[in-house]
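Colleague: The primary structure of each chain is shown beneath.
Protein chains: 2
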Amino acid sequence: MKKILAELLTIGDEILYGQIVDTNSQWMSVELDKIGIKVIRKTTVGDQEDEIITAFAEAEKRADVILITGGLGPTNDDLTKPCLAKYFNCGMVLNEEALAEVTEFFKSRGRELTEVNRLQAMLPTACEKVTNQIGTAPGMWFPKGNKVFMSMPGVPHEMKMMMTDFVLPRLKQTFQTPVIYHKVVRTIGVGESVLAEKIADWENSLPKHIGLAYLPSLGEVKLRITGFGDSYQSLEAEITDLTTKLNDRIGQFIFGYGDDPIEAVIGRTLMEKKLTLSIAESCTGGYLSHLVTSIPGSSSYFLGSIVPYDYQIKMRQLGVKPETLEKYGAVSEPTIIEMANIVRAKFNTDIGVATSGIAGPGGATPDKPVGTVWIAYSDKHQTVTKKLQLSKDRMINIRSASIAVLNLIRQSLPK
Amino acid sequence: MKKILAELLTIGDEILYGQIVDTNSQWMSVELDKIGIKVIRKTTVGDQEDEIITAFAEAEKRADVILITGGLGPTNDDLTKPCLAKYFNCGMVLNEEALAEVTEFFKSRGRELTEVNRLQAMLPTACEKVTNQIGTAPGMWFPKGNKVFMSMPGVPHEMKMMMTDFVLPRLKQTFQTPVIYHKVVRTIGVGESVLAEKIADWENSLPKHIGLAYLPSLGEVKLRITGFGDSYQSLEAEITDLTTKLNDRIGQFIFGYGDDPIEAVIGRTLMEKKLTLSIAESCTGGYLSHLVTSIPGSSSYFLGSIVPYDYQIKMRQLGVKPETLEKYGAVSEPTIIEMANIVRAKFNTDIGVATSGIAGPGGATPDKPVGTVWIAYSDKHQTVTKKLQLSKDRMINIRSASIAVLNLIRQSLPK
Numbered sequence: 001m002k003k004i005l006a007e008l009l010t011i012g013d014e015i016l017y018g019q020i021v022d023t024n025s026q027w028m029s030v031e032l033d034k035i036g037i038k039v040i041r042k043t044t045v046g047d048q049e050d051e052i053i054t055a056f057a058e059a060e061k062r063a064d065v066i067l068i069t070g071g072l073g074p075t076n077d078d079l080t081k082p083c084l085a086k087y088f089n090c091g092m093v094l095n096e097e098a099l100a101e102v103t104e105f106f107k108s109r110g111r112e113l114t115e116v117n118r119l120q121a122m123l124p125t126a127c128e129k130v131t132n133q134i135g136t137a138p139g140m141w142f143p144k145g146n147k148v149f150m151s152m153p154g155v156p157h158e159m160k161m162m163m164t165d166f167v168l169p170r171l172k173q174t175f176q177t178p179v180i181y182h183k184v185v186r187t188i189g190v191g192e193s194v195l196a197e198k199i200a201d202w203e204n205s206l207p208k209h210i211g212l213a214y215l216p217s218l219g220e221v222k223l224r225i226t227g228f229g230d231s232y233q234s235l236e237a238e239i240t241d242l243t244t245k246l247n248d249r250i251g252q253f254i255f256g257y258g259d260d261p262i263e264a265v266i267g268r269t270l271m272e273k274k275l276t277l278s279i280a281e282s283c284t285g286g287y288l289s290h291l292v293t294s295i296p297g298s299s300s301y302f303l304g305s306i307v308p309y310d311y312q313i314k315m316r317q318l319g320v321k322p323e324t325l326e327k328y329g330a331v332s333e334p335t336i337i338e339m340a341n342i343v344r345a346k347f348n349t350d351i352g353v354a355t356s357g358i359a360g361p362g363g364a365t366p367d368k369p370v371g372t373v374w375i376a377y378s379d380k381h382q383t384v385t386k387k388l389q390l391s392k393d394r395m396i397n398i399r400s401a402s403i404a405v406l407n408l409i410r411q412s413l414p415k
Numbered sequence: 001m002k003k004i005l006a007e008l009l010t011i012g013d014e015i016l017y018g019q020i021v022d023t024n025s026q027w028m029s030v031e032l033d034k035i036g037i038k039v040i041r042k043t044t045v046g047d048q049e050d051e052i053i054t055a056f057a058e059a060e061k062r063a064d065v066i067l068i069t070g071g072l073g074p075t076n077d078d079l080t081k082p083c084l085a086k087y088f089n090c091g092m093v094l095n096e097e098a099l100a101e102v103t104e105f106f107k108s109r110g111r112e113l114t115e116v117n118r119l120q121a122m123l124p125t126a127c128e129k130v131t132n133q134i135g136t137a138p139g140m141w142f143p144k145g146n147k148v149f150m151s152m153p154g155v156p157h158e159m160k161m162m163m164t165d166f167v168l169p170r171l172k173q174t175f176q177t178p179v180i181y182h183k184v185v186r187t188i189g190v191g192e193s194v195l196a197e198k199i200a201d202w203e204n205s206l207p208k209h210i211g212l213a214y215l216p217s218l219g220e221v222k223l224r225i226t227g228f229g230d231s232y233q234s235l236e237a238e239i240t241d242l243t244t245k246l247n248d249r250i251g252q253f254i255f256g257y258g259d260d261p262i263e264a265v266i267g268r269t270l271m272e273k274k275l276t277l278s279i280a281e282s283c284t285g286g287y288l289s290h291l292v293t294s295i296p297g298s299s300s301y302f303l304g305s306i307v308p309y310d311y312q313i314k315m316r317q318l319g320v321k322p323e324t325l326e327k328y329g330a331v332s333e334p335t336i337i338e339m340a341n342i343v344r345a346k347f348n349t350d351i352g353v354a355t356s357g358i359a360g361p362g363g364a365t366p367d368k369p370v371g372t373v374w375i376a377y378s379d380k381h382q383t384v385t386k387k388l389q390l391s392k393d394r395m396i397n398i399r400s401a402s403i404a405v406l407n408l409i410r411q412s413l414p415k
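Respectively, the protein sequence lines represent chains A and D.
No gaps in the numbering here: position 9 of the first sequence is 9 in our numbering, and each next residue is one more.
No gaps in the numbering here: position 151 of the second sequence is 151 in our numbering, and each next residue is one more.
Next comes chain A alone, as it looks inside the complex (with noise of 0.2 Å):
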């Protein structure tokens, strides 16, 4: 089967000059995707009548669908709409139905149609209209040949809506699309390098309708495999094989599948163990914390945290021992798990997780450079250590040091 290719074409200067981070085109990539059409490329131009066509054209010899948002406000810099009617070779005419829409619009909002919105019931011939159900502007649907153009606004939710009512039902029906099944295994603890040798075979063994991509991020690795077929149920099948001879291969650092991030997945499991934890972080400050309770519901399992960031804190509030601290330092293992069994006992949780090192940049000793950091995880029946070589960067060692203890935490639980 031919596959459908999609362009993603955004217009407006504010994206070129950095002002707003286009999240459009990330959105309709994955619906796209949902229903087999393969976008090949995102282009971003400015407010100009050649860039934009050029821009145009350029689309046209490569993809099926041309998928444009952005330009189509009232005011004098949107040139999408004449720019439209240009390449299209048309006029423009007042569109009744557009205009009895956005008079209603206003209407419904208590305000009177100005002139200059009463253009934007304008629109070339060539198109057929598409309602903006909470907008002004209307979308635009131009075939050309086998081909499809569809403009529309770029404010965010009235794009989604655009999409989800009219053009993603309409792409459905007029072109015939592959079906495609996706699958993303999440791993961590290890890096991509090492993960791309323990599954090199696997990899190379993959048939050529099933794509394989490695997604890097801090401490984690995710791995997407695609399949391209005719039938969801065998893709789903077939990829359900594969993720199973892949979890033989790398089983370990497998924490879940999907969107779910770590401390999402960690926070299922104590929820369904029943089990309860608390925190003492030193090097981390709160970062911890904060990944724990960025999941809604955390409360049921997470019962709080002591930031001991003062050397007299430590000991003081927390309660670790001042000859530990003395003959050890912060920065050591005998610190670090009577941190975390300390915690445990004053917040009488089930788990007691610590950190402490040297975030950087400043901090460092001969035998501690920065980077440095102890971890620990403690509960009944064990504590559980481990030592990190982070990077120079304190903002990644802030990070990498808080995934390390939520990665502790998943592999030192009880089974």
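Bear in mind the hints are in silico, worked out from the structure with no lab data behind them.
Any given hint could be a false lead.
If chains are identical, the list can't say which one is meant, so a pair holds when it fits in one copy or spans any two.
[What the hints assert, rightly or not] Cross-link-like lysine-lysine pairs, in silico, BS3-like; alpha carbons within 27 Å at most:
1) Lys34 - Lys183
2) Lys321 - Lys346
3) Lys183 - Lys86
4) Lys107 - Lys368
5) Lys346 - Lys415
Guided by the hints, dock chain D onto chain A, whose structure is given.
Modeller: Leaving out everything else, chain D in the frame of chain A:
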């Protein structure tokens, strides 16, 4: 003076599939704008050789500077480097310096260099190698006539460090860019539209060579004043004068100028005044402490915090009176006052601050909807409280409440 034009080219299926949002290109746009280089197009293509090479050729026709991110990983789906070698019609050789750097990178983390990572030191002969201080993929600078291609990793912090340390200075040196002077005025605790009304006449009287942009983000509005001209000194003087006038109008909302966020400005003030800070944060769950400790050197004024997430912990660990909690509830003015005073006393700091609220989505009551948050500031002279009514979104509430506390510290600190 001829304008220097740039195109940003992002390479990666993960962006086309919508699995990540491209935030790199927004950051790059802003930085290029600061040195007077105009971004005329942003393009994203997938991991496909023909697509990538076509995009190189198209970009070269349009722009003077082509900045490429992504596709430099060690795995087979990363094609940027071989495509660049093909486009520049050159071979690849092992770059000894790059090999030494990547070897050192692994060594410093106590890991062995894998064969896959060794390949990252193979570079096209047409390029100048650019050191990646915090990652394994080197950058590549390719001069071509009076144009330049620069390839960088897609990992945001690696790209940002490379841009800041190498690319931006080198571009300024290579191209004659116009003089641009930017000043960013940082305001907090006031909305964009109120601000716009308060400074409307000031804004309308700006000369043609000076522009103003409103850049709103959570709890903050940045005002970016940009001047174009021939002399840095005269622009600086002119914009300093304009800023003084702005300060007369909206001074109470201005917390600083330039890059430093509110937590850095507060930190500097605490350090100068030799004041110490402690935090009792409930609904913000560690995020306020994280903001404070994200600033290098914060250990000199921030002694620690407690996150009394659970009701019992608020009493037993922090020491809020059971009567107060029973009579008024955890989200109340009497409770927040006790929390701020107690943490200040227990941690023996000059200032104590506290948060308690309903972050959502659960936990609301008829009189305390999601987004209800109490915050307090306490020092030896005064206790100041504030009730916030925020949004329905958990993460926005956590962030907004944390920023509101920082603003409360700014407003309440002893003069």
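Colleague: Each hint: holds or not?
Modeller: Consistency of the hints with the structure:
1. Lys34 - Lys183: Within one copy, since 10 Å is at most 27 Å while 41 Å is not.
2. Lys321 - Lys346: both (14 Å within a copy, 18 Å between copies)
3. Lys183 - Lys86: neither (43 Å within a copy, 33 Å between copies)
4. Lys107 - Lys368: Between copies only: 16 Å across, 54 Å inside.
5. Lys346 - Lys415: Answer is within: at 24 Å inside a copy they meet the 27 Å cutoff, but 39 Å across does not.
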